[in-house]
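**Student:** We have chain Z; now place chain A onto it with these hints.
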Amino acid sequence: MAKYLIRRFAFLLLSLVLASITLFVLLRIIPGDPANALLSVGATPEQIAAAQHEVGSDLPLIIQFLNWVRDLSTFHFGTSIISSYPVGPEITSRLSLTVPLTLIAFVVAVAIALPLGFIAAFKAKTWYGTLLNGFSQLGIAIPVFWVGVIFIYIFALKFMILPSGGVPPEGWANIPGTLKYLLLPIATIALVMSSSLTRYVRSATLDVLGSDYLRTARSMGSTFTQAMTRHGLRNAAAPVISIIGIELATTFVGAVVVESVFALPGLGSLLVRSIAQHDYPVIQGVLFVSTFAVLMIGFLADLIQRIVDPRLISSSAGDLR
Amino acid sequence: MKPGKKFGVVGVAFAVALTLFATSAPANAASADATVDIGSLYEPQNLDNTGGGGQGVVEALNGNSYEGLYRLTDGGVVENLLATASKVSKDGLTYTFTLRSGVKFHSGKTMTSADVKFSLEKVSAADSKSARKSSFKVVKSIATPDAKTVVVTLSSRSISFIYNLTYIWIMNSAAKDFATEEDGTGPYKLSAWKRGSTLSLVRNDAYWGTAPKNKTVVYHYFTNATALNNALLTGAVDVITSAQSPDALAQFKSSSYKISNGQSTTKLILVFNDRVAPFNNVKVRKAITSAIDNKKLLASIWGDYGTLIGSMVPPTDPWYEDLTGVNPYNVALAKKLLAAAGYAKGFTFRLDTPQYDPHPAAAAFIKSELAKVGITVNINSVTDDQWYNNVYKKHDYAATMQEHVNDRDVVWYGNPDFYWGYNNTTVTSLINQAEQAPNARIQASLLKRANRIIATEAASDWIYLYPQIVVASSTLSGYPINGLNSQFYAYNIVKN
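For the protein sequence lines, the chains are Z and A, in the order given.
The opening residue of the first sequence carries number 1 in my numbering; numbering runs sequentially from there.
The opening residue of the second sequence carries number 322 in my numbering; numbering runs sequentially from there.
The following block holds chain Z by itself, in its conformation from the complex (with noise of 0.2 Å):
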């Protein structure tokens, strides 16, 4: 296990590196001079080549990318072009947001997906197992924006009990005021997300139940709630825990479209603005800290997989032996 650790943690390492130059790379192909940004219309020749002498972009490609290693060394991700706020509190500040926000709507999917999951599956042939996987299925087809519409429709242009968007001007220093306000948007990602984890939860406790292991336990003597607990949930929780981890990074990159909806000043909303203004170090900083989130998340759902079925430890392909 601490060899698998040690080598999983080396291509985190080794994929965060390739990811930082590929970004830098792909930012640069794009067409476009974050010196026009800062400039209007009225702006004067001198005033566009000052302008781009300021933000960098009249310097070599090597050089810009040298300043960028640089401040990725010292995590402090360099300073916006545009805002001249340092980028690393600005980030930080956004996941405060973004990070509540896809954490909770998760702990809320996966507690509406289990028992959902379980029960759709348990009772498939019921006429409410079929209406479960009906839900679910809808649930995966509606666009997560839709939702949001329709939840700020209802909830807050109709009966008026939930504000529409934004957050409080102080932040988290009013828990229950942006709790207040990150209600629709949780209730959103976690009603589009628990539809598709119902779904994997569903599909992989019929798998189990189906199962020639199962059986055998039960033609052994075990109750089918031993036979569950014993063998059936650990077989069942591995592919399961690597959907959880697949559809929490995608929560996490794709909170965009919710911040968007709601007006939500996270990491998304960030990056979005960033990119129209070609702010090289935010948009740069976003990018990495969102691809860490990613493998982290595939990092831990890796190893919670091997914690729960040490089978896959020394079976696994992927292991990096």
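It should be emphasised that the hints constitute simulated quantities derived from the structure, not laboratory data.
Incorrect hints may appear among the rest.
As the list claims (entries may be wrong) - Okay, derived cross-link-like pairs now, DSS-like style, lysine-lysine, Cα gap no bigger than 25 Å in a straight line:
1) Lys714/A <-> Lys158/Z
2) Lys443/A <-> Lys425/A
3) Lys574/A <-> Lys158/Z
4) Lys714/A <-> Lys458/A
5) Lys454/A <-> Lys438/A
6) Lys534/A <-> Lys425/A
**Tutor:** Only chain A this time, still in chain Z's reference frame:
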């Protein structure tokens, strides 16, 4: 547990959560201590109006946190602010300003002539990104004989000089970081800026002038107009500074809201590259202008709002006159002009169109209108960045669309190097003469003449003047309705 019970538990939990969080809006405080929540689409880029802060920093801080020697009121009148008096020499080249006593920056330092000198020089400094920089090229020297007096010497007369000073914030010369910190002399201090979300101002109790009629002002920033409108509908904001669509106004037509249709200075323009064929031909430009039914276009985008002006000059400029009849909508005339220009069978051109509203819709309308006179328009959608690079900097375009937001900006037609490349020596001379006019009456007369020539030659097609629509809760009063040059003074707003 049966599934039915599970649903019941989830439902009850959600209902409990709603009950816990669904508290009613806080009762209104006494109006002098009220918090005014303003909804806007224009978040500042940074806090420095000479450092690329953009439209948002003007809206939030101009007149609220930072003040100039003069103020441009919401009605468009220039009045004294940090300058109490000014004296102009007979040759019009020397301005002597007397500064107001007892004015302190928010940091506590007393404002002196050194700060005024610093602020004026900051606009024309090498690293200045101010769009007004070229207006201050005329400043030859700035002297500060004492702490209360500033003497500015110009290299040539400039009748707009005092007016242009309304754009210049007086900043603390000892301050270090203008992009991330605020230190003005205005009625509000910056309390907090949560980037991407809110910018809060709090009353400056040491303000030299009349105290604001509210205690706190919070600008809430949104990236889409729907979210902004929803915020007003749910009471999260009290006012939105600029409504973006007439369609959205229907939901505010009740006694709970007030819709103000103020004076705007933002023009939507079909810009020709007057340097290149076929747009270097006046007849072609006039033909296109006559072939497009601007009235229909305005109605289709803004309904009953907005104004046709027929030139670059909005009604708030002193040299305004209605020139909508100069190039009337007349398809037969357009065809005749095209034939006279040698384009009887029409031609094809590329229209570089910004991606944001209303440009795509306006471009599609123009395309269909020009098809009726045989002109084929290829719409090329461009990002802001592409527009700035290719159109503004390189002049690599045939025609484009753009909004020009400032007042008194007809003077750009006097600059042959400007991106539209209009080059008429008479116009350039009239605009230069107007700037050196001895009084405002002569200035207005000269600019009227210049504007008539520009309109007659259809240097561009000025499609319409945007409406300036402010929508507010009916509990609010005292807010600006014209939004000249994007400013939004908050100090007179009363919330009942």
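**Student:** Each hint should be assessed against the structure and marked as holding or not.
**Tutor:** A quick look at each hint next to the structure:
1. Lys714/A <-> Lys158/Z: Distance ~49 Å between lysine 714/A and lysine 158/Z Cα, so the pair is violated.
2. Lys443/A <-> Lys425/A: Measuring from Cα to Cα gives roughly 20 Å; hence the hint holds.
3. Lys574/A <-> Lys158/Z: Distance ~17 Å between lysine 574/A and lysine 158/Z Cα, so the pair holds.
4. Lys714/A <-> Lys458/A: 21 Å, holds
5. Lys454/A <-> Lys438/A: 15 Å, holds
6. Lys534/A <-> Lys425/A: Given pair lysine 534/A, lysine 425/A holds - Cα atoms ~20 Å apart, limit 25 Å.
Consistency note: the structure conflicts with earlier hint 1 alone.
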